[in-house]
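Enquirer: Given next are the chains, with one letter for each unit.
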Amino acid sequence: MAKLEDLEYTSPIQAELDKKSKQRAIKESLTGYAIISPWLIGFLALVIGPIIASFYLSFTNYNLLSSPTWIGIDNYVSVLTNDGRFRQALTVTFIFVFVSTPLKLIFALFLAMLFNTGRKGTSLFTTVYYIPSIIGGSVAIAVVWRILFGRNGAVNEFVQALGFSGTNWIGNPDTALSILILLVVWQFGSPMIIFLAGLRQIPQELYEAASVDGASQITKFMKITIPLLTPVIFFNLVMQTIGGFMTFTQAYLVTGGGPMDSTLFYALYLYEVAFEYLRMGYASAMAWILLFVVAIITLLLFLTSKFWVYYESEGGR
Amino acid sequence: MDNKKNQRLLRDVIYYIFVTAFGFLMVYPILWMFVSSVKPATEIFNNALSLIPSMFMWENYPIGWQGFGRTGFDVFFRNSAFVTTFVVIGTICSASIVAYGFARLNFKFKTALFACLMATVMLPAQVTMIPQYILFHNIGWVNTFYPLIVPAFLGGAPFFVFLLIQFIRGIPRELDEAAIVDGCSTFGIFWRIILPLLKPALVTVALFSFMWTWDDFLAPLIYLNSPDLHTVTIGLRNFMDADGGTKWGPLLAMSSLSLVPQFILFAFFQKYLVQGIATTGLK
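Line by line, the protein sequences give chains A and B. Taken in order, the first sequence gives residues 1 to 317; the numbers are from our numbering. Taken in order, the second sequence gives residues 1 to 283; the numbers are from our numbering.
If you're looking for bench data, these hints aren't it; they were derived computationally from the structure. Keep in mind it's a predicted model, so treat the numbers as computed, not measured. Check the hints yourself; a few may be wrong.
[Claimed, not checked] Here are a few chain A residues that face chain B, going by a calculated C-beta distance under 10 Å: (1) Gly32; (2) Phe43; (3) Leu46; (4) Tyr62; (5) Ser66; (6) Leu90; (7) Tyr130; (8) Ile135; (9) Ala142; (10) Leu177; (11) Pro259.
[As the list claims (entries may be wrong)] A short list of chain A residues far from chain B (calculated; beta carbon distances all over 10 Å): (12) Gln88; (13) Arg146; (14) Thr249.
Note that the Cβ used here is the ideal one computed from N, Cα and C, for glycine as well.
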């Protein structure tokens, strides 16, 4: 249709054609809306509506039984200035995200590189290493974690066999968070597969040319592999960081936020406030603060990406 | 020359030893769960590390199957199967047609709506969780399966729509055009041309949506109150709280059983799963 519009002179026939194409465009629009209507309804009813409702509720007192009462910014003020558990939750979540995400990505990259050496049996090993990612979030694994790291669990048996004294890993405020970090890092399989796919796209000629120039393995890694992989690293970093802030199930099941709130993840505290204390307004304010924090961190990651993410073509990933 | 060969052999040996040992450590907790599910109760703790039970206590399974209180695991498995089936069907139907709309049709505000779709991929579930609960509470859907199933029929996870859009964009447009010449309607093109070609991507979507729904804990926790409606995940958690102190064997037996559907799917379709992750960065 672009060609028709390029003509400067509009003939009567042209005008008729234009009218027809306009009608067709309207018809196509309607068909389009009909086709995407399932998503559109869902988007309006389950995303946009709730977002507006949540924003409104965050300025109210609401316990589900009586109607919401407007209290202005009181929820935000008391969350930010007067809630020790909120601060604890934020601290715990930050430590969790900033320790577990890099560790997970380092393991993922390290093993992806090992599996990219073209040796036999790679696909079998990839599969084995990926299994924890599929089932790691399940209740079954939470049960296993609780027993393995309990006072009489297998981990203590191992530690004691080495001559150290064991501890109740889950019941001890100093170790509980590490156990959850371990559980999450254990599931490095999916970033590993993404890294592996990224590594396979690096042209072999680059390495061959570097070898001709006498580059060492370390130089090749630092000058070829890492720069060409930065878009994938960036993608994994963003996804895992956002995912980290949402972590709920494992903490809820393995430690329940304890002992002494040492594993009180943000999502866990939010759940407690909303569904155990039924403070829906307060919890909504917490949800908006979470959204704000995650948005800021994502924005920062995107801003820094200019300095370290290398895009071969501008189209990039 | 010989020296170099030896060096390479040595490196290969180290590689395989490391990869195998580390791989064993990776799957140890899972192996441990399966083995301990047939261990006698005393051995779960007294001989905790071992992966070889002194005798096989198969009774753990029927004992666990009885569940606790008045509800058995037959109910939980039935509920999980019911919810998962409908979520998978709903996701496949709605995500594929919506993806077709975004990939092939032109309509007003398409770019803006596509941006909305992508934004919801990143949106923390916590923001919509509370008002969604209030909505379902007000229309009387709490303590029914509707809050778990209906969203799947409304596009499902935006991630899936995105994955399918990408896939449809890879299908040559000439096929659509040929079908239009033959007098195919818009829906006809979707049904006869796109959908058959979309099969591999739909398998990936079905697999992920099965795995996530089967595993899902938060939504059933919030929406399902009565034990008759509980899914396996909730049943298992309550089992752990109720009898965890005594019935470790049966608890681990049911834990193992809860993972069986996922393992079966993984064994048969791992190619699709791995491809799905590699191309889209799904979980």
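Enquirer: So, for every hint listed, does it hold in this structure?
Expert: Status of the hints after comparison with the structure:
no. : hint   : in the structure
1   : Gly32  : holds, 3 Å
2   : Phe43  : holds, 6 Å
3   : Leu46  : holds, 6 Å
4   : Tyr62  : holds, 8 Å
5   : Ser66  : violated, 13 Å
6   : Leu90  : violated, 14 Å
7   : Tyr130 : holds, 7 Å
8   : Ile135 : holds, 5 Å
9   : Ala142 : holds, 8 Å
10  : Leu177 : violated, 19 Å
11  : Pro259 : violated, 17 Å
12  : Gln88  : holds, 17 Å
13  : Arg146 : violated, 8 Å
14  : Thr249 : violated, 5 Å
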